[in-house]
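Student: Here's the letter readout for the chains.
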Amino acid sequence: MANTATRSFLQVAVTEEATPPLRVVQIEGLVILKIIKHCKEFSPALVTGQLLGLDVGSVLEVTNCFPFPIREEDEEVEAEGANYQLEMMRCLREVNVDNNTVGWYQSTMFGSFQTVELIETFMNYQENIRRCVCIIYDPSRANQGVLALKALKLSDTFMELYRTNNFKGEKLREKNLSFVDIFEEIPIKVSNSALISAFMTELEADIPVTQCDYDRLHLSTSPILERNVEFLIECMDDLSMEQQKFQFYYRNLSRQEAQKQAWLQKRRAENVARKNAGEEPLPEEDPTNPIFKPIPEPSRLDSFLVTNQIANYCNQINGVAGQSFSRLYLMKALHEK
Amino acid sequence: MGSSGQTVLQYVPSPASVSAKVHPLVIFNICDCYVRRPDQAERVIGTLLGSVLPDGTVDIRNSYAVPHNESSDQVALDIDYHQNMLTSHQKVNPKEAIVGWFSTGGVIGGSALIHEFYSREVNNPIHLTVDTEFRTGNASIKAFVSVGLSLGDQQLAAQFQEIPLDLRMVEAEQIGFDVLKPTIVDKLPNDLEGMEATMERLLALIDDVYKYVDDVVEGRIAPDNKIGRFLSDTVAALPKLSPNAFDKLVNDSLQDQLLLLYLSSITRTQLSLAEKLNTAAQIL
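Order-wise, the sequence lines are chains A and B.
Residue numbering for the first sequence is 1 to 337, as defined by the numbering used here.
Residue numbering for the second sequence is 1 to 284, as defined by the numbering used here.
These aren't lab readings, by the way, just hints derived from the structure by calculation.
Where hints are given, some of them may not hold.
[To be verified] Chain A stretches covered by chain B per the calculated footprint, using a threshold of three residues with CB under 8 angstroms from any CB of chain B: (1) 29-39; (2) 89-97; (3) 184-198; (4) 232-246; (5) 305-313; (6) 316-322.
[Claimed, not checked] Straight-line alpha carbon distances no greater than 30 angstroms define the calculated DSBU-like cross-link-like pairs of lysine-lysine that follow: (7) 189(A) x 40(A); (8) 189(A) x 37(A); (9) 276(B) x 260(A); (10) 40(A) x 142(B); (11) 95(B) x 40(A); (12) 21(B) x 95(B); (13) 260(A) x 275(A); (14) 150(A) x 95(B); (15) 211(B) x 332(A); (16) 276(B) x 150(A); (17) 91(B) x 40(A); (18) 37(A) x 276(B); (19) 245(A) x 276(B); (20) 248(B) x 332(A); (21) 37(A) x 142(B); (22) 150(A) x 91(B); (23) 226(B) x 211(B); (24) 40(A) x 21(B); (25) 37(A) x 226(B); (26) 37(A) x 95(B); (27) 332(A) x 21(B).
Built from N, CA and C at the ideal position, the CB exists for glycine as well.
Could you put together the complete structure from these sequences and hints?
Tutor: Rendered as structure tokens:
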């Protein structure tokens with residue numbers, strides 16, 4: 001008699017298949033410090049590194065990381081890079097660090113990270129690891145007093161589409177995919193071992209005001225906003241180029257349709273004439289005629305990425321502007337006192 | 001009688017004020033290694049990386065643990081591992097060199113041997129001890145250099161002498177510091193929340209100053225001239241602008257910000273429109 005409390009082995013084995021969706025990325029303070037240090041040391045160059053950790057249920061724990069050396073554009077460095085990675089993983093294994101790769105991190109400049117390379121790297125990782133995440137850190141925003149750390153993952157629907165490399169309008173409409181759906185941002189949780197918390201509380205006295213407060217209260221935001229708007233303008237240029245490509249495509253398509261119709265009419269007229277004369281009607285389609293060649297539809301991937309980028313810049317501008325408002329009102333109040 | 005009167009045990013005074021600066025990353029790393037150490041080991045030993053600043057202070061920036069074997073009277077380090085990690089780290093950051101070594105727990109007999117090994121690698125290595133067991137009741141991190149004890153002309157022994165240590169934090173790390181202190185934080189603060197926290201702190205400071213001034217005026221606290229001068233300097237630092245000019249400045253900035261906000265909202269609307277057009281258009 002089966003006890004309802006215990007499940008049979010078969011049942012357990014079957015239910016293991018469903019993987020819970022990734023909800024939270026739990027990062028250790030150590031990893032954050034390492035990422036900050038690495039990105040800051042090499043800024044403004046962009047750097048990357050590997051994330052190590054564990055995949056537990058709906059939480060992805062990141063417990064350690066190591067940086068990648070900057071690669072020159074060289075043929076032989078490919079093997080070196082792989083060797084370096086293996087070496088580091090082996091060494092870290094010896095000191096009991098989890099050496100499962102769970103993703104990678106990269107630094108960015110003012111939020112301009114959405115490129116095709118990112119997606120390709122994601123796909124590469126996804127083939128080997130079931131769940132991986134990419135952490136983006138923006139060292140330039142540290143001057144404004146913000147810890148700009150984001151965890152990104154490609155959404156599943158997007159991944160399927162990318163695999164089939166099918167970005168036609170129909171497919172996208174089917175899946176109801178808009179440009180915000182490409183990347184999913186996952187909330188980050190920070191955890192620390194109790195030992196480290198104890199150390200930190202002891203060593204750092206609670207200073208009432210820190211340097212980052214000074215940075216936040218700084219009144220001049222124009223250079224940052226200027227850079228943001230500059231990038232925004234560039235992206236708009238790209239977007240308009242993409243739009244033109246589409247316009248061109250649609251125009252060509254409609255022209256082709258018109259040509260097809262005209263040709264078809266002619267054929268039909270011919271066929272009628274031939275029927276009257278008692279001859280075989282010619283086929284209504286002619287595959288050798290160049291006007292029947294289907295025009296390839298331009299991929300929408302680039303325009304999606306560009307749109308995403310623009311949205312990002314807009315959000316950043318909003319954030320900075322919000323901060324400035326608070327600052328200006330504060331100044332006003334102080335002055336009146 | 002040709003011999004000198006008394007030979008005094010003297011030690012060479014430490015080289016002119018060597019002090020060390022430690023980045024918190026190093027402490028985090030050491031604690032993490034300690035938590036992950038293999039079961040039979042009582043302590044963790046590893047290498048410190050960093051650089052020597054032009055004024056003589058040693059800047060400790062990075063570290064990694066090295067597996068070791070410890071028995072009652074001997075300590076043996078895995079030197080190959082140490083070399084491998086060193087080359088790997090230097091591939092990423094060639095400027096970081098060995099500046100010393102660390103161990104959790106206090107200074108013990110075996111430390112001298114290890115210290116000698118490291119002195120072969122670098123001149124005057126720093127030995128960092130991190131007291132992870134909280135033996136003295138509070139967290140203590142100490143740095144030592146080896147100082148020679150000599151009797152007349154002969155080198156007798158070396159002694160570990162403590163040097164001043166400074167826990168330094170770069171700004172970017174400080175921002176994250178509030179996030180790093182507690183054991184678990186549910187989400188990273190975004191821009192506006194950080195702003196709020198900062199303003200609260202500023203308000204608290206201003207309140208403190210108010211209270212102090214009130215107390216002095218009422219005679220409760222003896223006035224301190226230095227503080228008074230500082231306060232008057234601060235207040236005088238507010239630029240003297242006529243209210244009109246000031247209002248104009250503030251309003252101009254406000255308008256600029258509003259303009260940008262409007263621009264970004266328009267851009268976003270444009271984006272969603274373009275999106276719809278792109279995917280919804282069909283040629284029938």
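Student: Are the Cα positions of residue 37(A) and residue 226(B) separated by 30 angstroms at most?
Tutor: Status violated; Cα separation ~38 angstroms.
Student: Three residues or more, CB to CB closer than 8 angstroms: is that satisfied between the segment 184-198 of chain A and chain B?
Tutor: holds (count 12)
Student: When I compare C-beta atoms, does the segment 305-313 of chain A have three or more residues closer than 8 angstroms to chain B?
Tutor: The restraint on the segment 305-313 of chain A holds, since 4 of its residues have a Cβ under 8 angstroms from chain B and three suffice.
Student: Sort out whether residue 95(B) lies within 30 angstroms of residue 150(A), counting only the CA atoms.
Tutor: holds, 29 angstroms
Student: Take a quick look at whether residue 260(A) and residue 275(A) sit within 30 angstroms of each other, Cα to Cα.
Tutor: Roughly 22 angstroms separates the two Cα atoms, so the pair holds.
Student: Given the hint that residue 276(B) pairs with residue 150(A), test it: the Cα-Cα distance must not exceed 30 angstroms.
Tutor: holds, 28 angstroms
Student: Take a quick look at whether residue 189(A) and residue 40(A) sit within 30 angstroms of each other, Cα to Cα.
Tutor: Status holds; Cα separation ~22 angstroms.
Student: Going straight from one Cα to the other, do residue 150(A) and residue 91(B) come out at no more than 30 angstroms?
Tutor: Answer holds: residue 150(A) to residue 91(B) is near 27 angstroms, not above 30 angstroms.
Student: Run the distance test for residue 40(A) versus residue 142(B): straight-line Cα separation, threshold 30 angstroms.
Tutor: holds, 27 angstroms
Student: Checking C-beta pairs, does the segment 316-322 of chain A have three or more residues closer than 8 angstroms to chain B?
Tutor: Held - the segment 316-322 of chain A has 6 residues with a Cβ nearer than 8 angstroms to chain B, which meets the minimum of three.
Student: In terms of beta carbon proximity below 8 angstroms, does the segment 89-97 of chain A have 3 or more residues touching chain B?
Tutor: Coverage by chain B holds for the segment 89-97 of chain A (5 residues, Cβ < 8 angstroms).
Student: Could you grab the alpha-carbon distance between residue 245(A) and residue 276(B) and see if it respects the 30 angstroms cut-off?
Tutor: holds, 16 angstroms
Checked against the numbered hints given earlier, the structure breaks hints 18, 25 and 27 and satisfies all the rest.
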